[in-house]
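Assemble the whole structure, with the sequences as input and the hints as a guide.
Using the working numbering, you'd call the opening residue of the sequence shown number 1 and step up by one each time.
What the hints contain is simulated information worked out from the structure, not anything from laboratory work.
All residues carry an ideal CB built from backbone N, CA and C; glycine is no exception.
It is possible that some hints are incorrect.
Unchecked claim - Across the chosen pairs, the derived CB separations fall in these ranges: (1) His85 with Phe230: 30 to 40 Å; (2) Val24 with Arg226: 19 to 29 Å; (3) Phe216 with Phe183: 33 to 43 Å; (4) Asp213 with Ser162: 45 to 55 Å; (5) Ala209 with Thr182: 15 to 25 Å.
As the list claims (entries may be wrong) - No more than 25 Å apart at the CA atoms, straight line, and that leaves these computed lysine to any residue pairs for SDA-like: (6) Lys239 with Ala215; (7) Lys239 with Ala229; (8) Lys253 with Pro231.
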Amino acid sequence: MDGFAITRLAIGVGFLLVAAVADVRTRRVPDPLWIGLGSIGLVILAVELVQNQIEADAWALLGSAAILFFVIFYGAPLFGEDGFHPRPFRFLLFVVAAGLFVYPAVHHSTSGAPLSQGLLELYSMPAMILVYQLFYRVRILHGGADAKALIALGLLVPTYPSVAPFPLMTIDPRVEAFWRVTFPFSLVMWVDAAVLFLAVPLGLLLWNAAHGDVAFPQALLGYRARLDAFPSHAWLMEKITARGDHVLVLFPKRGENPTQDLERLRAAGIRRAWVTPQVPFMVPLLGGFLLAFFVGNVLLGFLRLVG
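Below, the structure written as structure tokens:
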């Protein structure tokens, strides 16, 4: 395990512990935490580029990733709820980031030299910033903090770390080079976190079974809560519609104010209703980060076992 890998592991665990505590307590993680983590990741990579004398084109990818990373947190976005807003300086930054992104490929193409494996892997830094932003927009990632965390972690660990004799689950050498480019390490963290997240439905089912509330499928998604002491970190799964129908909503819309729905349920004589908890994703993400380093891609390993 090299020094850069140990440094990245220690920093990642430290920041994710702080994020997990904040997420459990308030279901919010402040942006400065991710700004700090991503900035440290960029600095570590810069030191690594200098120390290991990695080819100069790598600096263009670092610069592209840095620009895209910081415009997430600073300045007004180009697209808002009311449409597109022309912001010349911000648009110029995106143009510069795009130019830096394509520069290594153009430079190698004109010189006739192929892109090295290292450069190909570093392309994941700016690329995954855009991918995780897209995942958030299309609701594959349900929270802004989830996307920001994965973006910052992608900058902290931009390539597969050298942690021999780990991970325990290795990639077939015949496809390893291709896999490391097409499936960046931050995606492994996310997949491993998602696998850990699957324990939540099982835990809810066991809880409901112990309390005699086994009703499918809601028993896998939530639990019954008293409406006179409504939990602070949960969403209502039961509603009374404007027509007076009592309905079950398995996947309630995030961020809704439950006050009116609670009043309608109480007026209908309902004292306990199904709710789905706001699970703090930073907790399984911390576990996914550790699994990625020491175990590998858990889902891929499982598929290899059953395949």
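To see whether the hints hold, each was checked on the structure:
{"no.": "1", "hint": "His85 with Phe230: 30 to 40 Å", "in the structure": "38 Å, holds"}
{"no.": "2", "hint": "Val24 with Arg226: 19 to 29 Å", "in the structure": "22 Å, holds"}
{"no.": "3", "hint": "Phe216 with Phe183: 33 to 43 Å", "in the structure": "34 Å, holds"}
{"no.": "4", "hint": "Asp213 with Ser162: 45 to 55 Å", "in the structure": "49 Å, holds"}
{"no.": "5", "hint": "Ala209 with Thr182: 15 to 25 Å", "in the structure": "41 Å, violated"}
{"no.": "6", "hint": "Lys239 with Ala215", "in the structure": "17 Å, holds"}
{"no.": "7", "hint": "Lys239 with Ala229", "in the structure": "17 Å, holds"}
{"no.": "8", "hint": "Lys253 with Pro231", "in the structure": "17 Å, holds"}
Hint violations for this structure: number 5 only, all remaining hints satisfied.
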